[in-house]
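J.: Let the hints inform the model, and build the full structure from the sequences given.
Listed in order, the protein sequences are those of chains Y and Z. Position one of the first sequence corresponds to residue 1 (our numbering), numbered consecutively onward. Position one of the second sequence corresponds to residue 1 (our numbering), numbered consecutively onward.
Don't read these hints as lab results, they were simulated from the structure. None of the values given here were measured: they were computed from a predicted structure. Backbone N, C-alpha and C define an ideal beta-carbon position, used for all residues, glycine too. Possibly wrong hints are sitting among the right ones.
Said to hold, decoys possible - If we take Cβ atoms under 8 Å as the criterion, some of the chain Y residues that face chain Z in the derived model are:
id	residue
1	A119
2	A123
3	A134
4	C156
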Amino acid sequence: MAAADAALLGQGHEAITAIVTLASSCPAGGDPRWDATLAELGVEGLAADARARHLREGPGQRCGALLLELRWALDAAVAPLCKHMDEPWQLTNAVDQAVRDYVGAVRPVVTTASIFANALAGAASSPAAMVGSADASAECCRCCGAPRQDRSDLSCRYCGQTS
Amino acid sequence: MTDALDARWDGFLAKIRERFDLLMSESLAGCAALLAQTGGDTVPVSNAWQGMRMRGLGLQAKISDAWNDQVQDKYHDAEAYDQADAAWARAEHMIDEIEIELERVETKIFADALRSLLTMAATEQAALRCSQCGAELESAVYLQTVELNCRHCGALVTIEPGPRARMAVAMAHHLWREACWPLWLERHRADKAARDARTPTLELLQAWEEAEINYWSAWLRERAKLLPNTTAELDKELRGRLHQFYEGLEREAVWTRAGSPRRCR
Numbered sequence: 001m002a003a004a005d006a007a008l009l010g011q012g013h014e015a016i017t018a019i020v021t022l023a024s025s026c027p028a029g030g031d032p033r034w035d036a037t038l039a040e041l042g043v044e045g046l047a048a049d050a051r052a053r054h055l056r057e058g059p060g061q062r063c064g065a066l067l068l069e070l071r072w073a074l075d076a077a078v079a080p081l082c083k084h085m086d087e088p089w090q091l092t093n094a095v096d097q098a099v100r101d102y103v104g105a106v107r108p109v110v111t112t113a114s115i116f117a118n119a120l121a122g123a124a125s126s127p128a129a130m131v132g133s134a135d136a137s138a139e140c141c142r143c144c145g146a147p148r149q150d151r152s153d154l155s156c157r158y159c160g161q162t163s
Numbered sequence: 001m002t003d004a005l006d007a008r009w010d011g012f013l014a015k016i017r018e019r020f021d022l023l024m025s026e027s028l029a030g031c032a033a034l035l036a037q038t039g040g041d042t043v044p045v046s047n048a049w050q051g052m053r054m055r056g057l058g059l060q061a062k063i064s065d066a067w068n069d070q071v072q073d074k075y076h077d078a079e080a081y082d083q084a085d086a087a088w089a090r091a092e093h094m095i096d097e098i099e100i101e102l103e104r105v106e107t108k109i110f111a112d113a114l115r116s117l118l119t120m121a122a123t124e125q126a127a128l129r130c131s132q133c134g135a136e137l138e139s140a141v142y143l144q145t146v147e148l149n150c151r152h153c154g155a156l157v158t159i160e161p162g163p164r165a166r167m168a169v170a171m172a173h174h175l176w177r178e179a180c181w182p183l184w185l186e187r188h189r190a191d192k193a194a195r196d197a198r199t200p201t202l203e204l205l206q207a208w209e210e211a212e213i214n215y216w217s218a219w220l221r222e223r224a225k226l227l228p229n230t231t232a233e234l235d236k237e238l239r240g241r242l243h244q245f246y247e248g249l250e251r252e253a254v255w256t257r258a259g260s261p262r263r264c265r
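T.: Right, here's the structure in full:
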């Protein structure tokens, strides 16, 4: 790699890191610092209602600037450097990778709470719900109600009833 | 170049493992809490575990997906074929570890649930009284319906053990597997070694057979501890448990050429 390319690549990586760090630290959808960065880079951000729609309908973000705005910002940051590089693909690849990593970093945390909540919610109404308890019942003569003591003895010792 | 690829791949595997371990610890704690909240109902526990298990399998699948879709080609682009094989071997090792861990956690969740159920059943049954005279009954944890004479009035009393004790019996195989866990691991390894060999040798098959016999013998002995009425037919039961296994061995040429040398007949 030419020395000039290496230097530009280094600059590009620094710019990417700085922009991603700022984007990650924003609340979901961005903040004034992010807007200022976009302005510095000459990028026109999305309108407020478009930002809200991206957050609502997009892949989901728990924090950070919008993915699309991040890509625009990174493209704008590396474009002037790429023009002077023999192998600009290295920087454009780095941008792609940074966006992919960012997607993972700002994705909503998937918790397992819903699994347990659903299982608990379904327990009460389940036809297989555990009902009843242990039970003890004495065997009684069907005629006089006296207790029986031996199943092999077919007649009641008190009333003579045979069962 | 390949060092960076190795580092990135190992980092990915470590991240998967970290998430998987977290998932399993949440499973153990969550299922125990669920069992307590439902008064010993194992159906919601089972439903929750299925959900967690699917998440675990999803993480496991990410390994081969990432390898096939992204990583393998990068190694091949760099013509680092040996490193690619080594990297995939590390992934396969983790896939196998996850498979084992899923079994271990499932066994522990339901063995713990079973122990809780037995405690609940013991409390429930200790409160039983003779319906004729109201006296306390002989203290024990009954797992099946039994008839006994009241020590006070002599009445013949039928004890129905209740749903918790019945459920404990239905799930007891988890307890036996837990007690035989080291043998289950040996059986898993022997099974895997024989299956992974392109042409299994007689020695591999016999090692697998030995591991199967050891595991199932121990499993049946553990079962007899909880269900003493199963003690009488251990040998017959063992033959039954191994039937499918031997059927499989009959399809191996090296086994049949050696005269199908079964140790358990």
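J.: Would the stated hint for A134(Y) survive a check requiring a Cβ distance to chain Z of less than 8 Å?
T.: holds (3 Å)
J.: At a threshold of 8 Å, is the proposed contact between A123(Y) and chain Z supported by beta-carbon distances?
T.: Holds - the Cβ of A123(Y) comes within 8 Å of chain Z, reaching about 4 Å at its closest.
J.: Less than 8 Å between beta-carbons is the criterion; does A119(Y) satisfy it with respect to chain Z?
T.: holds (4 Å)
J.: Min Cβ distance, C156(Y) to chain Z: is it shorter than 8 Å?
T.: Where the cut-off is 8 Å and the nearest Cβ of chain Z is about 12 Å from C156(Y), the hint is violated.
Checked against the numbered hints given earlier, this structure breaks only hint 4.
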